[in-house]
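Trainee: Listed below, chain by chain, are the residues.
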Amino acid sequence: MLDNRIIDELKTIVGADNVATDRQDLICYGYDATQMEFLPDAVVHPGSPDEVSAVLKLANREQFPVYPRGAGSGFTGGALPKGGGIVLVVTRLNRILRIDTENLIAEVEPGVVTEQFQLEVEKLGLFYPPDPASLKFSTLGGNVAENAGGPRCVKYGVTRDFVMGLEVVLPSGEIIRTGGETYKGVVGYDLTRLLCGSEGTLGVITKIIFKLLPLPEAKKTMMTIFDSIDGAAKAVSTIIGNKIIPTTLEFMDHATLQCVEKRFNLGIPASGRAVLIIEVDGDRDLIEKQAARIQELIKPLGLVECKIAKDAAESEALWKVRRLVSPSLRDVNPDKFNEDIVVPRSKVPDVIRVIEKIQQKYAIPIVNFGHAGDGNIHVNIMIDKSVAGQEEKAHEAIAEVFQAALDLNGTMSGEHGVGLAKQPYIHLELKPAQVATMQAIKKALDPNNILNPGKMFPV
Amino acid sequence: MDPLKRVENELKKCVKCGACRAHCPAFATFGKEPAVARGKVALAQHLLKGDIELDDATYAAMSKCLLCGSCVEKCPNDVPTDEIVVVAREALSGQRGLTTFHAAVGRVIRNRSLMKFGAAAARILGPLFFRKVPETSGLRLRFPLPFLGGKRHIPSIAKKPFLDRHPEVIPGEPGKPRIVYFVGCMTNFCYPQVGEAALALFRHLGCTVIIPKNQQCCGLPGMSGGDLDTVRGLAEKNLAELERYEADYIMTACATCGGALHKFYPNLVGKRHPELAARLKAIAEKTVDAAQLLQKLGLNPEETGAGSDIRVTYHDPCHLRTRAITRQPRELLQGTPGVELAEMEGADKCCGLGGTFNVYHYESSLAINKMKSAAIINTGADAVVTGCPGCMMQLSDGLKQQRNRTRVLHTLEILARSIRP
Chain A
5 MLDNRIIDEL KTIVGADNVA TDRQDLICYG YDATQMEFLP DAVVHPGSPD EVSAVLKLAN
65 REQFPVYPRG AGSGFTGGAL PKGGGIVLVV TRLNRILRID TENLIAEVEP GVVTEQFQLE
125 VEKLGLFYPP DPASLKFSTL GGNVAENAGG PRCVKYGVTR DFVMGLEVVL PSGEIIRTGG
185 ETYKGVVGYD LTRLLCGSEG TLGVITKIIF KLLPLPEAKK TMMTIFDSID GAAKAVSTII
245 GNKIIPTTLE FMDHATLQCV EKRFNLGIPA SGRAVLIIEV DGDRDLIEKQ AARIQELIKP
305 LGLVECKIAK DAAESEALWK VRRLVSPSLR DVNPDKFNED IVVPRSKVPD VIRVIEKIQQ
365 KYAIPIVNFG HAGDGNIHVN IMIDKSVAGQ EEKAHEAIAE VFQAALDLNG TMSGEHGVGL
425 AKQPYIHLEL KPAQVATMQA IKKALDPNNI LNPGKMFPV
Chain B
5 MDPLKRVENE LKKCVKCGAC RAHCPAFATF GKEPAVARGK VALAQHLLKG DIELDDATYA
65 AMSKCLLCGS CVEKCPNDVP TDEIVVVARE ALSGQRGLTT FHAAVGRVIR NRSLMKFGAA
125 AARILGPLFF RKVPETSGLR LRFPLPFLGG KRHIPSIAKK PFLDRHPEVI PGEPGKPRIV
185 YFVGCMTNFC YPQVGEAALA LFRHLGCTVI IPKNQQCCGL PGMSGGDLDT VRGLAEKNLA
245 ELERYEADYI MTACATCGGA LHKFYPNLVG KRHPELAARL KAIAEKTVDA AQLLQKLGLN
305 PEETGAGSDI RVTYHDPCHL RTRAITRQPR ELLQGTPGVE LAEMEGADKC CGLGGTFNVY
365 HYESSLAINK MKSAAIINTG ADAVVTGCPG CMMQLSDGLK QQRNRTRVLH TLEILARSIR
425 P
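Top line first, the protein sequences correspond to chains A and B. With this note's numbering applied, the first sequence has no gaps in its numbers, which climb one by one up to 463 at the end. With this note's numbering applied, the second sequence has no gaps in its numbers, which climb one by one up to 425 at the end.
One chain only, chain B, in its complex shape:
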C-alpha cells in the first residue's frame, strides 16, 4: 500500500465523529456509511494495515466520492479526505490497473492533438450519430454514450477551439499586469465564449494577456481515477509552459483547472515528487481565479446597454468554494448594472459532476443534480451563473432533464456585457 503511506498521518487525524455525514452529497444519495468520508478513511486505514483487499467492494466505496471537498471544509480535525480518496484510487489502479474508461481518459488528456482530433471528429461526425433535438424543446445535442444510457445532454463542440483563435501574446498597456491565461479543455473545445469573455475583460483593464499555445489539460479527469502518473506528466508539461513567461498572475476561468494548479498539483503531485514541489508551489502561488483577479484589479462594470436586465442565481463550484472564492463573483455580479442576484438554496452544494463520478454513478449524479436544478428553478432566475465550465455542462444537463429553459452562463459572460468595447 505504498501510495497510502504518504497519507498515513492524515489518516490518523480522523476521529470518526461523523460530522462529514452532514455535508457529503454522495452520502446523501447512497445513504450508507462506506459512501461517507469517515467510512472511506476507515477503509483506507484498514488497507494500510493490510487487513482488507483492493477488491470490488473497496473499489466501489472509493468510487462513491465527488471530490467536492465539502467534508474537508467542515471537518473539525482537518482531515483531507479528498486527497485520501485520490491516493486510495491511485493504490487501487496501481494494483488492479486503470479501468478501461480511465485508461482512455488518461490517453486522451495526455495527448492534446488526440483530443483536438477527437473534438473535430465529434463535431463533424456528430450529426450522423447524435440526434439533433429541436431548439424549441429546450434541448440541444444528445450524446448517447453507451455508459450513460442515452440520457445525457452534452454541449456542442466549437468549430474552432479557443486556443486556435488568438495569438499567443496579446499586448496590453505598459505598467498593467501581465496575465498568463490557463484556458482548460472545456473552455477550449466546448465553451470558447467563456475564453472570449475573459479576454475582453482583461484587455478592457489594459492587461497583457498571454495564452500559452502548448498548455495541456490540467489532468484533473485523470486524478479523479487515481491516475497520478498522467497528472504528473501533465503537471510537468504545464509547469514548463507556464514558467516560460514572466507573469504577474496565472489566471483560470475554470474552477477545476484553478483547483488543479492551486491545490492538487502541490498537494498530490508535489508530495509524490519532491523534486517538483518547489516549482509547483511557485505556480500555485501565482494562480488566481478570474473573478478574484477582476475584483482585485478593480473591474468597474458600466451601463452599456449590451444586454437586457437579467435575474441570475449563482452556483458555487466546489473548486472555487474550497479555495474560499465565494464572495468575489457575487460582489461582481451584484455590482453589474442590470443584473439582479437571487440566492438559491444550497448554492454551495456540489452539482453532482465530480470528475468521473457522474460516469460511474450517473443515477446518483442525477439525483444530486436534480436537487440543484430544483433550487435554481425555485429562484425564478433567467440564468444560473457559475465559474466552472464543468459545472456549466452538468447544470445544463440537469436543467434539460427537467425540461427547463433557465440559461447556464459563466460569470465572465455576464460581466463582459457591461464593459465598453
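Chain A on its own, in the form it takes in the complex:
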C-alpha cells in the first residue's frame, strides 16, 4: 500500500485530477484482455515526459512498482499491476507531433491510437503499415512496447521495422533518446530495437519516430477456399515461391469455418476445409496481374472457390468472414486461451496436425486461424472455466502447443509477448544463458526493479 504522503507527492507531480485512488478507478485499471485482474494502489495519468520522469524518481526513492499502460488491450497481462504500486497511464500523451512528408517520418506521443495515426498519414498519401487487430483502440506506445504485428506483416514487417527512434524515460527517471531520424546509424548499441518489445520493463516510451512509406495506389482482396489445410498452406509457399509477396495471407482452419458458418451462414461450401484471404497492394495494373497469376498458381492445389472483390465494399464483405471469427468462437465454449505461436511458413500444416492430436488427447476444442503468410497462428483453446479440471487441462495443452511450435523451429509468441500469461513457459524457448543475459540488462537499467516488475521472467 502506498501511504498518503506518496499519494500527495504524486498529486503534486501530475495534478490531483490525474491521480485516482477510488476503488472504482483501481478496478478499471486492473484488467486487460487476459481476463486476469490485479488492483493497483493508485492510477496516475502523467501529462509530460518530465512528469513521467518525476514519478519514476519518486518510485525509486520510495521503492514502489510502476506499471506503464496504454489502452490496456494486451493479451498477456503486460500492463497489469500484479504486486500493487501504481499504474502509469500514458494516454494523455496523445499528440501526433509532426508528419514530415519530405523525409517520410513522423514523430508521435505514445498515447496516439494506431488507426488514428494511420488515417492522418494516409491523408498525406503516406502509409504506416503495422495493423494489429486492435488498431482501432490500441496505442502506438503499447504497439512499440509489445512489438505488435498484424496481417500486413508478411509484406511490410512488424512495428519494430518502422521504429527509427524513441524518447524513453529510464527506470531511474533519466530521459534518453535512442536511434534518430536517419535510415542509417551505427553509433553504439541499438537501444531502439532493444526497447521495442521490451514490454515496459526497461523504460517508459514518451516519443516515437516512425518510418513511413508511400501509400500504395490500390489493393485487391481475394477469398480462396481449399479442400484441405495442406492445399491452403501449399498455396502460401507457392505464391511466395513464385516471388509474389501479398500484403496479407490470412487463414482459417476447418474448425474456424464451422464456427463462423454455423452462426452467420455465409455460404462457405461444405467441401471447404480451409480459407485463405489474400490481399495484394501496389500499382493498379500490377495488382491485377498479380491477382490473375495467384489464381493460376493456386488452382491445382485443391481450390474449391476463389472470390475476387471488385471494389471496396466487396473487399469489406470478404474481410467480414475473418472479423466474424471472434464473436463465433464463444458458441464453442465461453472461455478461451488465445495463443499466437509462429512456425516457418511451410510448417503450418505440420503444426496444425500436431494441434489436432493435442485436441484429441485433452478433448478440448481448439480453433486455429491467423497470419499464414508469416506462419503466425492464433491457437484458440476453448474451455468452460466453470467445468472442474478444464482450466488445468488447457494449461497442459498450451504447453504442448508451444513445444510443438518450438520443435518445428518456431516461437511461442509472434505478437502478444510474454507478460504474465506466457511467463511459466518461457524456459521452453529461452535457455538459461539467454534469460540471464536479459535479466542482466534489466538489472543494469532498473536496479531497484520498480518498472513493471514480475513480467516476462518467472519470479
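No lab work stands behind these hints, which were simulated from the structure alone. Bear in mind the structure is a predicted one, so any value in this text is a computation, not a measurement. A few of these clues could be false.
What the hints assert, rightly or not - Partner residues aside, some chain A positions facing chain B, computed with beta carbon under 7 angstroms:
(1) N22
(2) D26
(3) R27
(4) L30
(5) C32
(6) Y35
(7) A37
(8) A75
(9) S77
(10) K140
(11) F141
(12) S330
(13) P331
(14) F461
Even for Gly, the Cβ is constructed at its ideal location relative to N, Cα and C.
With chain A's structure known, arrange chain B on it following the hints.
Mentor: Below, chain B without anything else, positioned relative to chain A:
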C-alpha cells in the same frame, strides 16, 4: 444487488478486449476508463460480487454513458452495455433513491396532465422569465435552467399540442394499412410540425391513421435515470392504449420512442416483468419507424414546387442506428426532387444528448455536440435532417452555440414538401 442479477450472464460475456474504447463518445471526452463500456461492465461485475459500494464514485462512473449503443453494435462479444448501465442505475437508485432531478422527471412523465400543464405554463409564463433573443442573431428562446448554467437553447413550446389538434381516427382508403401513430412528448409539445408532416405523408398514401388520445410518454427519460418503475408503469399504460386498435403497424417518428417500444420495453421491462413480456414483444414486432414504413409502402416523392432546392446532411439518431435504420431515410431523401444529400463526417456518432446525460454532464455533452456541429457545418448544408426530435433539440442547441444558422429539420418535414396535398 438484485437488479444486476438479471444481467449476470451478459456481464460474463465481456472479455475486456477494449474494442469499446474506439466507439464510445463519453470516453472520447472523459478519456478515462470508468467512462467506457468495459469499465462500467467491470464495475457492475464488482457490484454484483459485493466488493464495491453503490457510492458516489460508482454513481459518477455509471452516469457517464449516453446509452447510445455504439459500444453494443461494435462489441465482438455482443455485450449489451446499454442495458447493463440502465440496470446498474436502477440498482443505484433503488439503494440511494432517485436524484431530485430524476424524481422530478419521473413525476412529470408519469402524469400527462401535469406535463401538459407544465408546457402551457412554460409557454405563457416563458416570456416573463426567459430572454427572447432576436431572430436575426440566429438564436431563439433561451431557457436558463439553473443546472444548465444559462447556456442552453431549447425549442419553444407549441400553442396547441399535436394530440389536441386531430381526431383520434383519421380514416383512409379501404384496403390500405391502418397505422397507429405513437407521437411522443417532444413532437406533441415542441415539434408538432413533425406530427403534421407524418400525418400528411401517411394520409397521402391512403393509410388510416389512428392517434390514440391516451398515449403516454414512452418513459425513456425515466429509463435514463434507472427509474424502471416509472418505465414499467408507462409501458403498461401504453400497451393498453396501443392494444385497443387493430393496427397493421405502430409507427413512431421519434427514434427514442421507437427505441423504447421496439427494444427497451421487451429487453428491460420484459425481463423484469415476465407477465408482460409476451404483450411487449407483440407491440415491439409491430413497431416501425416512419422512414422505414414510408419506404416499405412505396412513397414516391414528386416535384411539387412546394420548396426550393435544398442541400441537406443527415444525422443518424442512435435509436435508429442501433435498429439498423440508416439506409431508408437516406434513400428517401435522395429520391426527393430538389433535395441534395451531403454526408457529414461521423453521421453515425451520437449528438451528445443521451437522455439525461446532457443534464449531468452538460460540458461533455457540449463537447460531443461541438464535433457534430463542426461536421454539419463542414458539409455546407442548408439543413441538418434527422429522425429524432430529441436529436433535433440537441443539434439546434449545438448549432446555436456556434452561432450557426443551419436549419434543423425532421426527415418527414423534407419528405412532406414533395407530396401533392
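Trainee: If a hint holds in the structure, say so; if it does not, say that too.
Mentor: Going down the list of hints, with the structure as the test:
1. Below 7 angstroms, beta-carbon pairs count as interface contacts, and A/N22 has none with chain B, the closest being about 10 angstroms; its hint is therefore violated.
2. A least Cβ separation of about 4 angstroms between A/D26 and chain B falls short of the 7 angstroms threshold, and the interface hint therefore holds.
3. Interface restraint check for A/R27: the shortest CB-CB distance to chain B comes to about 5 angstroms, inside 7 angstroms, so the restraint holds.
4. At about 10 angstroms, the closest approach between the beta carbon of A/L30 and any beta carbon in chain B exceeds 7 angstroms, and the interface hint on this residue is violated.
5. About 4 angstroms separates the beta-carbon of A/C32 from the nearest beta-carbon of chain B, less than 7 angstroms, and the hint is met.
6. Look at A/Y35: its Cβ gets to within about 5 angstroms of chain B, closer than 7 angstroms, so that hint holds up.
7. For A/A37, the interface hint holds, the least distance from its beta-carbon to any beta-carbon of chain B being 5 angstroms, beneath 7 angstroms.
8. Because the closest C-beta pair between A/A75 and chain B is about 5 angstroms apart, less than 7 angstroms, the hint holds.
9. For A/S77, the suggested interface contact is upheld, since its CB lies about 4 angstroms from the closest CB of chain B, less than 7 angstroms.
10. Annotation: interface hint on A/K140 holds; nearest CB of chain B at approximately 4 angstroms, less than 7 angstroms.
11. Proximity of A/F141 to chain B holds as hinted, the smallest CB-CB distance being about 4 angstroms (cut-off 7 angstroms).
12. For the restraint placing A/S330 at the interface with chain B, the shortest Cβ-Cβ distance is roughly 5 angstroms, inside the 7 angstroms limit, so the hint holds.
13. Contact between A/P331 and chain B, as hinted, is supported at the beta carbon level, the nearest pair being about 5 angstroms apart and thus within 7 angstroms.
14. With a cut of 7 angstroms, the hint placing A/F461 at the interface with chain B is violated, because the nearest CB-to-CB distance is about 25 angstroms.
Checked against the numbered hints above, the structure breaks hints 1, 4, 14 and satisfies the rest.
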